[in-house]
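Enquirer: Below are the chains, spelled out letter by letter.
Number of protein chains: 4
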Amino acid sequence: MKRNIKVERLNQRPLEQQEIELVERKGIGHPDSVADGLAESISRALCQEYLDRFGAVLHHNTDKTQIVAGRSKPAFGGGEVICPLYILLTGRATRVFKEEEIPVDTIAIKAARKLLVESLSNLDVNNHVILDAKIGMGSSDLRDVFGRKVPSANDTSFGVGYAPLSQTENIVYNTERELMNLKKSIPAIGEDIKVMGMRQGDEINLTIACALVDRYVANMKEYADTKREIVEHVIDFAKQFTSRRVFAQMNVADNIEEGSVYITVTGTSAEMGDDGAVGRGNRANGLITPNRPMSLEATCGKNPINHVGKIYNLLSIEAAKQIAAEVQGIEEVYIKILSQIGKPIDEPHIASVQIVPKEGVDIKSLQDGATEILDEWLGSIPKLQQMLFRGELSTY
Amino acid sequence: MKRNIKVERLNQRPLEQQEIELVERKGIGHPDSVADGLAESISRALCQEYLDRFGAVLHHNTDKTQIVAGRSKPAFGGGEVICPLYILLTGRATRVFKEEEIPVDTIAIKAARKLLVESLSNLDVNNHVILDAKIGMGSSDLRDVFGRKVPSANDTSFGVGYAPLSQTENIVYNTERELMNLKKSIPAIGEDIKVMGMRQGDEINLTIACALVDRYVANMKEYADTKREIVEHVIDFAKQFTSRRVFAQMNVADNIEEGSVYITVTGTSAEMGDDGAVGRGNRANGLITPNRPMSLEATCGKNPINHVGKIYNLLSIEAAKQIAAEVQGIEEVYIKILSQIGKPIDEPHIASVQIVPKEGVDIKSLQDGATEILDEWLGSIPKLQQMLFRGELSTY
Amino acid sequence: MKRNIKVERLNQRPLEQQEIELVERKGIGHPDSVADGLAESISRALCQEYLDRFGAVLHHNTDKTQIVAGRSKPAFGGGEVICPLYILLTGRATRVFKEEEIPVDTIAIKAARKLLVESLSNLDVNNHVILDAKIGMGSSDLRDVFGRKVPSANDTSFGVGYAPLSQTENIVYNTERELMNLKKSIPAIGEDIKVMGMRQGDEINLTIACALVDRYVANMKEYADTKREIVEHVIDFAKQFTSRRVFAQMNVADNIEEGSVYITVTGTSAEMGDDGAVGRGNRANGLITPNRPMSLEATCGKNPINHVGKIYNLLSIEAAKQIAAEVQGIEEVYIKILSQIGKPIDEPHIASVQIVPKEGVDIKSLQDGATEILDEWLGSIPKLQQMLFRGELSTY
Amino acid sequence: MKRNIKVERLNQRPLEQQEIELVERKGIGHPDSVADGLAESISRALCQEYLDRFGAVLHHNTDKTQIVAGRSKPAFGGGEVICPLYILLTGRATRVFKEEEIPVDTIAIKAARKLLVESLSNLDVNNHVILDAKIGMGSSDLRDVFGRKVPSANDTSFGVGYAPLSQTENIVYNTERELMNLKKSIPAIGEDIKVMGMRQGDEINLTIACALVDRYVANMKEYADTKREIVEHVIDFAKQFTSRRVFAQMNVADNIEEGSVYITVTGTSAEMGDDGAVGRGNRANGLITPNRPMSLEATCGKNPINHVGKIYNLLSIEAAKQIAAEVQGIEEVYIKILSQIGKPIDEPHIASVQIVPKEGVDIKSLQDGATEILDEWLGSIPKLQQMLFRGELSTY
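Chains as they are written, first to last, in our numbering: chain A, 1 to 396; chain B, 1 to 396; chain C, 1 to 396; chain D, 1 to 396.
To be clear, the hints were calculated from the coordinates, so they are not data collected in a lab.
Remember, predicted model here, so these are calculated numbers, not experimental data.
Honestly, I wouldn't trust all of these hints.
Chain copies aren't distinguished; within one or between two, either way the pair holds.
Claimed, not checked - Listed below are the simulated EDC-like cross-link pairs for lysine to aspartate or glutamate, each with C-alpha atoms no more than 20 angstroms apart in a straight line:
{"id": "1", "residue 1": "K358", "residue 2": "E16"}
{"id": "2", "residue 1": "K364", "residue 2": "E19"}
{"id": "3", "residue 1": "K73", "residue 2": "E99"}
{"id": "4", "residue 1": "K321", "residue 2": "E392"}
{"id": "5", "residue 1": "K149", "residue 2": "D375"}
{"id": "6", "residue 1": "K73", "residue 2": "D254"}
{"id": "7", "residue 1": "K364", "residue 2": "E326"}
Please model the entire structure based on the sequences and the hints provided.
Expert: Below you can see the structure in the form of structure tokens.
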């Protein structure tokens, strides 16, 4: 079998040299990210349960969690949640296999509670959340599950990936990660963070929204001080990724005179008016990048066995990273992989590699290396699946 | 006020000349599109109600509808729906204004029923759907609503648009539209269609998934005949958009020998296992285009007054179309507009226009024309809003 | 087999001769009655479906419907429903039998819609109701269903019945029925009626609550006129049942001066604040009678095959009626039948008949007749079931 | 003001001397009792919150909780819950008062979790329950709340009570209570108990259903032993209440040969197929007594301020107890109190006292004492309310 891999030169100016660049990351406590996290954690828990019981992962897709915002009344020193968040876990999963019933809903709820505790440290999961589940019946065919064959693609769809990250992308991604570290010393930092990066030539502007947690902020002065401290930290932190000038602002809609600032009881805006849904936030690489090709397939919650919308996105990213790192002479590499429903997942309809070579580099000199790496990855989907089971691949 | 509009040359090979191109469109009966349609129709109904009662559109966002799939048993000649679809309408809307209560849920349900009837002609809305609503309270500030001022951006986010469509894009988009026409003579065509277009050099491959409606298909032979007829029609139809070779396949996972084919009772896969959610399908221009910049903001269901995620996406598309049509010498034009929360929506943080000029054309000769058109559109947001109220802008 | 039937003299003054008597009836549009009606109509529809498909009624119990009230703004001439009623249909039913799936939810929803239309003529079922269903899986054992044996009691519980009705009971019951007739000429009469009858010696006081329908009442004067007309009609109507003095009042909490009267958009208080549940309203004979023995088993929605809570209540009533009618010398007869789980339903643990004989009548002269009739009924449970399938027995 | 209290002789044989008597009690873990408990605990928590915030109890009624059964797979030594129970808390409550928002849903959920933990010690509230809330808006009128006036009856309805308990009633009630004690030494006893007592002449038969908890029962032999131990304990225990012969059976539907016995994971049948609802189980005195007058008003969850369905039931029971205890010469006393909507709750439409005097006692000698005690209670409704706030009155 020879895979349909096409490597082509992409004749465009590398993003780093373009005038304008937009990059966004939603933090792990953003309502859309929480929905993503729930979907993925439920899928992982189901994988583990299926493996434990049957030695194989059965059919499931839990990629449609919906968070309906609550209602709260934050106040310096500590406010209250008036109406709990309503979270609907949906999707489908194999409920019966070899005449054994699998407690799908119980597993889903357990996994969801765990994720909520991890992602939203100030949320009282017992009393501030209504956790509902409507998980339908999926079915798994015995032959498919225990056959030796490579699974067939569940759908005709595609995944995309690219490498390396630009400076702005690195900054945006890592700023959110850093704030989660900083939270240890500044507990007022809530997990609901949005970092919007806009590079205009050699100026990088970061607009950060961060839900501060009311019980850790005594008054308006502390609020303003905390904000200043965070902004200064971020600007300083960003310097390791760029020599460009970095500016940052936080919670720009605040009106301190009128007493209108961004505080929350729980650290997430889902407590008051902001709904969340799977697949509406970060792409599988943790970023939203309108200057880059993106897939609209939600990665989170999909089964890692035959759902190409998940597998091809993650595989494209990993392969692109490796190509960019190991094949010399590459400025940027973009991968798109298209499946055809019913065909083996390791034989995509087409796998397109587009490369922006470094100046003076001939695309021909790069084709073999790139092809080989991607081919290797396509042949190693089970390895990728193992990484997913073990939680080694982040998906949002 | 001078708007921050930057026009830059995009130094890349036009998509039409690249080797590989992927394009997808989900038809109006695809679960994700139905969710989009519901979200948008509810927003429109609310806009109309608010305008009728108060002369102004009040705050709302209804962009989080969730469709949980049902369970069905299709059969040639007519099967049955075992478990109804569950549809959860969520979001928030102003429920009380000037001490008057607005029947938000009743309006939402009425609009949702209407959309379902229009989008899924074979669905029995009375008995095959559980229509639930959890729409929270939004609030509208009297000064904001009736002030003379331009509304402020609700968030820091961006919209993107481009023009013109490529051949493949045109084919993919119009194929689905054409099948909705063809439905008049072939009633077995369900509204749940997915057209995946893959262009490799000068070959365009269309992979069509189309849920046939069981009551209009007597047996396996009729099924095969209908499929053949549709595929032939599509190939013929596509010729008006390209001189490239066009191939098409439909329902490729069918196994006619084993009797496993894609028929449905209602014309949508949501009847059996396929969930749907807002913002997971087509972008505002009706396509999914990984080779193009895309926004992840769901356009459907957002309020058209201050939600930049909606306004900037639609505005970028319209402006790009006009620039491509009226400014001579343009191969491709890409627009990205970034807001900053709290700032007037007609004064974006940045509006970036990237142009791939026709060969030999100097970007300088295009800048004034492009700037002027985009500036004009940014100054005409109320006009765009009117188009939305009147249903003149399609959003998915 | 000799059934354990005990006939005993009840040494008490007949209710008609006691000083005080309380009787209540909730009309068919009262939220609790609507819940009862939904439960029963779903059970009937399932029975019919099971009979059509398999020739036998399979296991089900749908006796737990819950109505969560909506929110409305009635107004003379026609108001509006602000938030729809939420109705949750629950219970369990056999979903798969002989490898055939039964569309339980679809059947339930269809039956529920029909009942709502019949019971609440002014309710817009499409837009004023959210109809949800969470019907669990029941299971039916092949041997039980098609065995020749009498079914076994599903539980240890009892049913009660008595006859004849007192004057006050007759008046209360028939007043509500008559208002449903009167509705043809006075369309403002809503189906949500509550008739409370209190007899003190020889005075019977009726307190009627009746939700008038706003669109048929132009103004306060019409409201007052309609009320007067209804009250006069009721007093006149009641005379056929008694020679005692009858008084009646309607909507006594009205405050016409302050403009606070009992009008509704839909004819039921469930539109605004009054929830409803199965088994909380009328007993199986259509009345609530604290002066009489009552069972707390909800009759509505239970399966008529082996649920003694349903069968024994209905059977007791029918047998009591027949005994009172056919055995000479009886003032009052009370029947209580107790099952034991797992025993054949036609062999109750005990069937107790208590008789208040007419003056001078010896209980011994009544025992054989009463025993025979009750024994006959216990042997004719299949006949009773047929009456239920055909809708000939009212249950609330 | 002279209250309309009528004391009349009830000319009937005391229940203790009648041939047949039926009595039932559902234990605190029975699905209907759990629903009752939830409803009442939420009302209590709201009362406390309203008192703390405003010094007065605001309008609410939370008497419509619905429990939809889950699905489980019990097994000796410990099985698992497959699908969690779904619990819907409904009703209405004042959400805003004096411009302050009260976190009604959060309070309800917190109270519900606490009740579940207390009532079902083997239920994993975090993972085996979906706790949903749809609590509507109630409204409280400032004048009503802080006026000096006695509250007006919310409805035209009645309460009933009687005293003393018969031997069988005492046995049935206390058997369940005793099993909750015995649970300390026999942890396999689940809280879902149903005790059905049937007295036929001088034989009292107890039929006990008790959900044993699987993790505390190693095998069938232990099951049988445990059952035997419980039955023996109960028979012995009952002797303190009667000199009649007492028989007892437990879990009579067990078929030990076929391995079909009554074990559960959580101690309640709600884990598998048995739904529960408020007001469907015990009356306010903790019993179901078809030989006694009963009210169908659910006592649990109703507001203790003006809901006569709650107040009059509890007051009738307390007054009857006191009359039976303090007025000499009484065999049985029955009280029925009827309100009229809008009238002060301490001035019922009628309060009827029916007394079965001891042999040879003239009713006239009892009338003053009975009237005085009931009049005193009607004048002491605030005292009764205080007892409810403090949880001193059991309601199911």
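Enquirer: State for each hint whether it applies.
Expert: Cross-check of the supplied hints:
1. K358 to E16: within (13 angstroms within a copy, 23 angstroms between copies)
2. K364 to E19: Between copies only: 15 angstroms across chains, 29 angstroms inside a chain, cut-off 20 angstroms.
3. K73 to E99: Between copies, since 13 angstroms is at most 20 angstroms while 49 angstroms is not.
4. K321 to E392: within (15 angstroms within a copy, 44 angstroms between copies)
5. K149 to D375: Close inside one copy (18 angstroms), not across copies (57 angstroms); limit 20 angstroms.
6. K73 to D254: For K73 and D254, only the intra-copy Cα distance (17 angstroms) is at most 20 angstroms; the inter-copy one is 38 angstroms.
7. K364 to E326: within (16 angstroms within a copy, 39 angstroms between copies)
The structure meets every hint from the earlier list without exception.
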